[in-house]
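Colleague: Each chain, letter by letter, is given below.
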Amino acid sequence: MNETMVGQGKQPSEPTPPPAAPPPAAQAPSKPLLNTERWKAMIIILTMINTILVAIIAGLQTDANIRANDANRDSQYYAVLTSGELHRIGLQTNYDMNTFARILDNGQRSLVMGLTSLEQLQKGDEAGAALSSLQEKVAQAQSDAATKFSIFYQNPRYAPKSSEEQPDLQKYLDDSNVKALELLASQNAAADAYKIWSGKSDSYVAVLTILAIAFFLFGIAQSVNPRLRLLFAGFGILVIMLGVGWALVILIG
Amino acid sequence: MSDENKQTNRLELVIAFLIAIVSLTTALAAWRTNAVGSKAGDATRQGLIDTVKKQASTNEDWRRLYEEAGYSQSYAVTLAGVEAMETSGDPVAAVQAANLRKYLLPGIIVLTDPLGTDPHYLLDNGTYDLEKRFADLQAEAPDMLALDPQASFKLAEQYSSEQRWLMLGTILLALSLFWLALSEVGGSGLRLGTLGIGVVIYLIGLAWFFIVEVLFIFLRGGAL
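Chains A and B are the protein sequences, given in the same order. Counting from 1, one number per residue, gives the positions in the first sequence under the numbering used here. Counting from 1, one number per residue, gives the positions in the second sequence under the numbering used here.
Keep in mind the hints are simulated off the structure, nothing from the lab. Beta carbons: idealized from backbone N, C-alpha and C, even for Gly. Be careful, since some hints might not be right.
As the list claims (entries may be wrong) - Result set (EDC-like, lysine to aspartate or glutamate): computed pairs, CA atoms no more than 20 Å apart in a straight line: (1) Lys53(B) x Asp144(A); (2) Lys148(A) x Glu131(B); (3) Lys195(A) x Glu157(B); (4) Lys161(A) x Asp144(A); (5) Lys154(B) x Glu213(B).
Unchecked claim - Partial selection, computed: residues in chain B whose CB lies under 10 Å from chain A: (6) Thr44; (7) Ala56; (8) Gly81.
Unchecked claim - Label-pair ranges, simulated between beta-carbon atoms: (9) Arg38(A) x Glu4(B): 33 to 39 Å; (10) Leu121(A) x Lys102(B): 28 to 34 Å; (11) Leu122(B) x Leu169(A): 26 to 32 Å; (12) Ala101(A) x Lys102(B): 48 to 54 Å; (13) Ala212(A) x Asp3(B): 39 to 45 Å; (14) Asp143(B) x Ser163(A): 48 to 54 Å; (15) Gly222(B) x Ala189(A): 33 to 39 Å.
When you get a sec, could you build the whole thing from the sequences and use the hints?
Modeller: Next comes the structure, spelled out in structure tokens:
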């Protein structure tokens, strides 16, 4: 889009002003001498702002790093506890299941021996029937003894409600895993927190590096002529804005 | 040399000495901040080692408990069978039961020791008090029982917290160094102003560092 199209250009009817006369040669050297200190105060203020920002972000970085370390420690702590709990569950479940298997085994054995005894009695084998009956009683006594040790019969949560029902094994397994699952959830949460804080800590380091570039630009600005000083100050401000923007994203994210 | 130049040179010398002092203080502050961070790491590491040791000891206690519990149950079940044979009225079974009592049960009961042998663990219904046995197993290793990972973690958190605040003090000291350097290299018009800012920030940083140190040492009961 050119200037004439938007109506802001020079009108053809306007008289062209005469070009500005060059300054007298005798006045030229005095101007740069007067302007060498120009904008220096502004650069100092910008540098001060940058140092304050660096201080704040360095503090945030330290905090994020400490939080990452704490979360890392917690995740390891919970991992050890989870592994211990799984070990305990394994031992307990093994004991409880073996007890249950012993009850079933002896109960079945007793039943079979009882049936055998009846069968032998029907065949007229009284001695054999007596022996089978004895084995039935022994197996039943052993099954009853094992029942006293079984959580599936002693704990009302799992015990069968009637003689036809079986113990609630699923409820037992669910209950057994509750603590381990809680510990695992804590471990996962801590591991996730570690990932987040570690990422934030790394990003803050990158922001600090960006702000260090701003320091460099302001340092250069102090040592060059006023026109370049403003240019470098502008670059420095852009870099600060980039750094602050990123820091805000990290802080909120 | 004019009086003004002499005064400027003297001020530059003073600033140079201040820079040296502040640099040294900042280096010491950075060392102390890192040392505190390192102590936090040490306490965390100790806590994790204690956790592993304690858990390993607990795991072994659980293993022993269920080993004894399994043998004790076997003993009780076998004994029930023997008693059934004894009360059956069958003379052959009675002899068999007597021999089982004589030769088999003593061998099993050895394996149950102490859960199956100590009346301290025997319950009224003929079973055993596993919780009491586990508590006794834990008490057998008082050194493991005394390990307190949470105490180490709490100490680590205290050191980390101190590190956070010391870091702020170190940053203030570094800031003051920056302003003093600016005062040394800057133009004469800004020198006194920047010098003043530098000195004020340095004093605030120093006071901050001192207060944080004293407070946290007091919280730790005098431990550095």
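Colleague: Run every hint past the structure and note whether it holds.
Modeller: Now the hints, each set against the structure:
1. At most 20 Å may separate the alpha-carbon atoms for a hinted pair to count; Lys53(B) and Asp144(A) exceed this at roughly 40 Å.
2. A distance of roughly 16 Å separates the Cα atoms of Lys148(A) and Glu131(B); the hinted pair therefore holds under the 20 Å criterion.
3. The straight-line distance between the Cα atoms of Lys195(A) and Glu157(B) is roughly 19 Å, inside the 20 Å bound, and the hint therefore holds.
4. Our distance criterion of 20 Å between C-alpha atoms is met by Lys161(A) and Asp144(A), whose separation comes to about 17 Å.
5. For a cut-off of 20 Å, the pair hint linking Lys154(B) to Glu213(B) stands: about 18 Å separates their Cα positions.
6. Taken as an interface hint, Thr44(B) checks out: its beta carbon lies about 5 Å from the nearest beta carbon of chain A, inside 10 Å.
7. For the restraint placing Ala56(B) at the interface with chain A, the shortest Cβ-Cβ distance is roughly 8 Å, inside the 10 Å limit, so the hint holds.
8. Taking 10 Å as the C-beta cut-off, the interface hint given for Gly81(B) holds, the closest approach to chain A being about 5 Å.
9. Restraint check, Arg38(A) to Glu4(B): a C-beta distance of roughly 23 Å breaks the suggested window 33 to 39 Å.
10. Restraint check, Leu121(A) to Lys102(B): a C-beta distance of roughly 33 Å satisfies the suggested window 28 to 34 Å.
11. Between Leu122(B) and Leu169(A) the CB atoms are about 28 Å apart, so this pair conforms to the stated range of 26 to 32 Å.
12. Here the CB-CB span from Ala101(A) to Lys102(B) is close to 29 Å, at odds with the stated 48 to 54 Å.
13. Between Ala212(A) and Asp3(B) the CB atoms are about 41 Å apart, so this pair conforms to the stated range of 39 to 45 Å.
14. Against the hinted window of 48 to 54 Å, the Cβ-Cβ separation of Asp143(B) and Ser163(A) comes to about 51 Å, which satisfies the hint.
15. Taken as a hint, the range 33 to 39 Å holds for the pair Gly222(B) and Ala189(A), whose Cβ atoms sit roughly 36 Å apart.
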